[in-house]
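Trainee: Sequence:
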Amino acid sequence: MKMTVSSKDKKKDKKLRESEKQYRDIFENLLVGVCILDPESNYIDVNDAWIRIIGYSREELLGMNVKDILYPEDREKSARYFRKLADEGAYRSYEGRVITKGGDVRWIEVDSNAIVEDGEVVGSRDIIHDITERKKVEGALWESEERCRTIVEQSPISMQIMDSEGHVIMVNRAWEKLWGVSLDDLGDYTVLKDKQLKELGLMPYIKRGFSGEYAFIPAAEYDVQKTLGKGRTRWVQAHIYPVTDERGGIRNVVLMHEDITERKQAEDELRKSEERVRLMISEVKDYAILMLDPDGNVTSWNDGAQRIKGYRAEEIIGKHFSRFYTKKDIKSGKPDRALKMAAEKGRFEDEEWRVRKDGSQFMANVVITAIRDQDNRLIGFSKVVQDITERKQAEETLRESEARHRTLVESSTDAIISIDEKGTITLWNEAAENILGYSRDETIDKKLDLIIPEKYREQHRKGIKRFLRTEHPKIIGKTIELEAKRKDGKIIPIGLSLSAFKEEGKYVLTGIIRDVTERKQRVEALLRSSQIQIALNKLLQISLEDISLNAMLEKVIDHLTSISWLTVEQKGSIFLVEEDPNMLVLKAQKGLPKPLQTVCAQVPFGRCICGRAAMSGKIEFVDRVEVHHDNKYKGIPPHGHYCVPLLSAGKVLGVINIYLTKGHIRDERETEFLGAVADVLVGIVQRKRAEERLKLSLSELEAVCIIDRHIIQNLELSALLRFIVTRAKELTGSDVAFFGFIEDNVISYRTFLGIRTKAFKELELEKDRGVGWFACIDRYPVIVNNYYTDTRLVDPPYDIVKKEGLKSFLALPFMSAKDEPLGILYVANRKDVKFTEEQSTMLYTFAEQSALAVEHARLFEETKRAYEKLKSLDELKSDVISNVSHELRTPITIAGSAIELARLEKDPRERNKFLALALKSLVRQNVIVENLIEAASLERGMKAFRPSAIDLRPIIDEVFSEFKPVFTKEKIGVAINLEEDLPDVSADPEQLKHALRTLVNNAIKFNKIGGRLTCTAKAKDDMVEVCISDTGIGIPGDKFTKIFDRLYQLDSSTKRTYGGIGMGLSIAKEIIEVHGGKITVESEVGKGSRFCFTIPIFKKGGD
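According to the working numbering, the residues represented by the sequence shown are -13 to 1089, in order.
Bear in mind the hints are in silico, worked out from the structure with no lab data behind them. Don't take every hint at face value.
[To be verified] Simulated restraints on C-beta separations:
no.: 1; residue 1: Ile374; residue 2: Asp431; range: 31 to 37 Å
no.: 2; residue 1: Arg508; residue 2: Thr285; range: 49 to 55 Å
no.: 3; residue 1: Asp653; residue 2: Val780; range: 51 to 57 Å
no.: 4; residue 1: Ile374; residue 2: Gln182; range: 56 to 62 Å
no.: 5; residue 1: Leu530; residue 2: Val353; range: 56 to 62 Å
Every residue gets a Cβ at the ideal spot worked out from N, C-alpha and C, and that includes glycine.
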């Protein structure tokens, strides 16, 4: 429908133009085009931005109709747009083209708001965006599918492209980022069937896009999770654009989203902030804060208003504010004038008498402020009222007693100083002379800069200028702390209370100054005391933690060097006195370089700064190390120290060492604090050590109980020793533990835990050698914390111990019931960990109990072994008697029978055979008797040993010649292979022959008819090895060691078959070992045996 213009419309038009003037500044400075149209769409007003877009001057545009500049094809659509705007009177948005004065076509986006007066549309206010470039992008977007995809994909604007049915065919990265889903997640989703869009009331805008119109979609909160089952919830507003084909049909629809989530969140925060402000205002008690509507009626009322004026909210809201005025003021129209002035000037302030609910009056400071909406329409007033009755009364009293005031000024103990607007001193009382040192004559008419420190003067001048310019000082009426400069140049802290008043139109600033030096000192002392208490409480908290003493000390030094108010470096250490009462041992450190940790691992009393603190029992302070440092290393930085001794009943327990920057000045407050820390730390160390001693005592009792149980339960020696070694290692936390028995004045190690090398396990220590004998002699535990430097040790096996990697030892003697050394228990460390007297004492009790258990187990083992031996000997005795009787009787019987037959035989040849048999039997008996005599001689030590240089060849030849008839009879092949240049041996020839005969005799006896016997000899290192091999019955492997036992034979069948009493090999073994050699056997059952023995090579000049 067409709009008509009446006289009434013209009046409204005029009123409209007048109301718009107040927006002129904003209107002209906007970056977007703005215009105001009358009902006929003629331009009433335009801003510069629209003039720049369209190219026409303001004079040319005013009165021009919009259709004059519209693109011809868009005029009909524009007409429909304006008709709907006029009919509906609501906000609308429109896109179209215009022709500039220069003939260019430009795309614009118009957001129109109808101007409604008395329910009738009298015009519109349009905001115009030049979207030509955007349209160019949109136009170019569809020129090429590939180019389109590239532009869409790279666009920072979230875009989704749909077909004419509403199916999404493309989305860009910005869209995926916005919603947290991809195109694949959409499936068969269609925007035209989106239930959530319908619920939000947005579907009409969507359908406009699919009907061929551009539409702006207002803001809404959309939850993709609700629609697709995944994704994010975002606040968005959108633009929907149809894309038509050449025939005007809908080809695609583009939906562009603008993410306004953060803006919405900001708006929510703003609303919350406004609510907080409202609540805050309602709780203000010192000011009456109320809101008035444009007519002056009360619309809000806070607690302060109720307190000051006496009305409750329900009593006053809706009532006119004039009831707070006196009748005289109401009659003179003062309330209305106040509102009028506030409306015109924006703010009205007054100080007048006001009336409470109970009729009483009070002096009030009243500020009324006009409140306008975004269109600058007056929507009400805010009113803030302060009861200043007391202040006014004070001012009146002050004026009435000015003389008395001056007396008070002069008698005041606080300095009172006044200055004029130029900063010139006009008042200077006697207290000011006392506090600042200047007399009145030296200060009056002088600048206040005289007492202001240099660094604050410029700030002071700016403050006065700001106050005079704004009359709104920051510090008037407050007490603040500043610094002032005395006549002698000393800077002192002051408390300043500043007031301002006018005399003859000029401001006078008066300051009351108090010297707060003592108070500051008291506050600082209180603060320092609090800080010290907090620091000490932290130390006490550390002391309650369930950690070791060393870990506790690490935490203490870290805490001390991290205290912000303590002017020390982030370095320090704690030393304790341990075994050596005159030696400090480094237990904890922070920031110390490795070289210094090594140098200061142990510090003797009196050495360096820490040692001197321990020696003197006093805090040692140095401000630089060049002169005072004894322990130095390369690259030592300049620094100073506080070294604080830890004292308990005059005894030094350790030292705290704190690092300082070079040139640090000793501060008694710091030394006082460090002394308190030392006292607390003494208690921590003593308590922790007592706890550790208690734990050791409990461990000791536990160990004793366990040992007692093992004494009762375990008589198996090996198992008992394993338990003792394991328990000792656990109790001391050592790296290794082992036990050795003392036999024939030699310590032989037996049970090991943690030992790695074979050489150490095979080590035997003669009397007086090593740590163990040292403990045996003292009959008390011995601690050796450095095996390689301890001078108490005699001929220790350094190489073997070093190869094992051990550094410190604790050896404990095991004494028998007769107080004789039974063995030694050792614990040792590979690390630089020292054993303590507490550990020594604990293990000493452990060793005493263990020694009894070991002695019992050993006696049991020896008794058991003796029983088994007696049992076997008893069995052996019967065999020996039977065997020897048989072996001695058999040759005699054979010889007797052979002689008797020879006596009766007449044939000489047959007689000689019988005589030869008798001789052989007697020789066999002789060998048996010789073996018995040889064994008895060796057993009693009566056999003389006379070694000399012997050539083995004739010895071997002689023995083998003795057996030549036997070789022939038994058809045994003999081979003798002796090494050329065989050296002489050191041997007793007769004993050597006896041993050799035994081996040859056995090789014959246990060989088979037609077998072989081989003899070899060769030099081997410093020995000659002789071997006798046969091809006989062989020996089982489990019998190799037993065949060298006296009276032992393989079995009874062998005895019957081969004869003998089992003495030969045992005698041969003893002969060889007396010579310093060894005898060995190799054999395989059914294939034969090989016996070898070694004899030392004869050395000229040797024994």
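Trainee: Name the hints, by number, that the structure is in violation of.
Mentor: Violated hints: none at all, because every hint is consistent with the structure.
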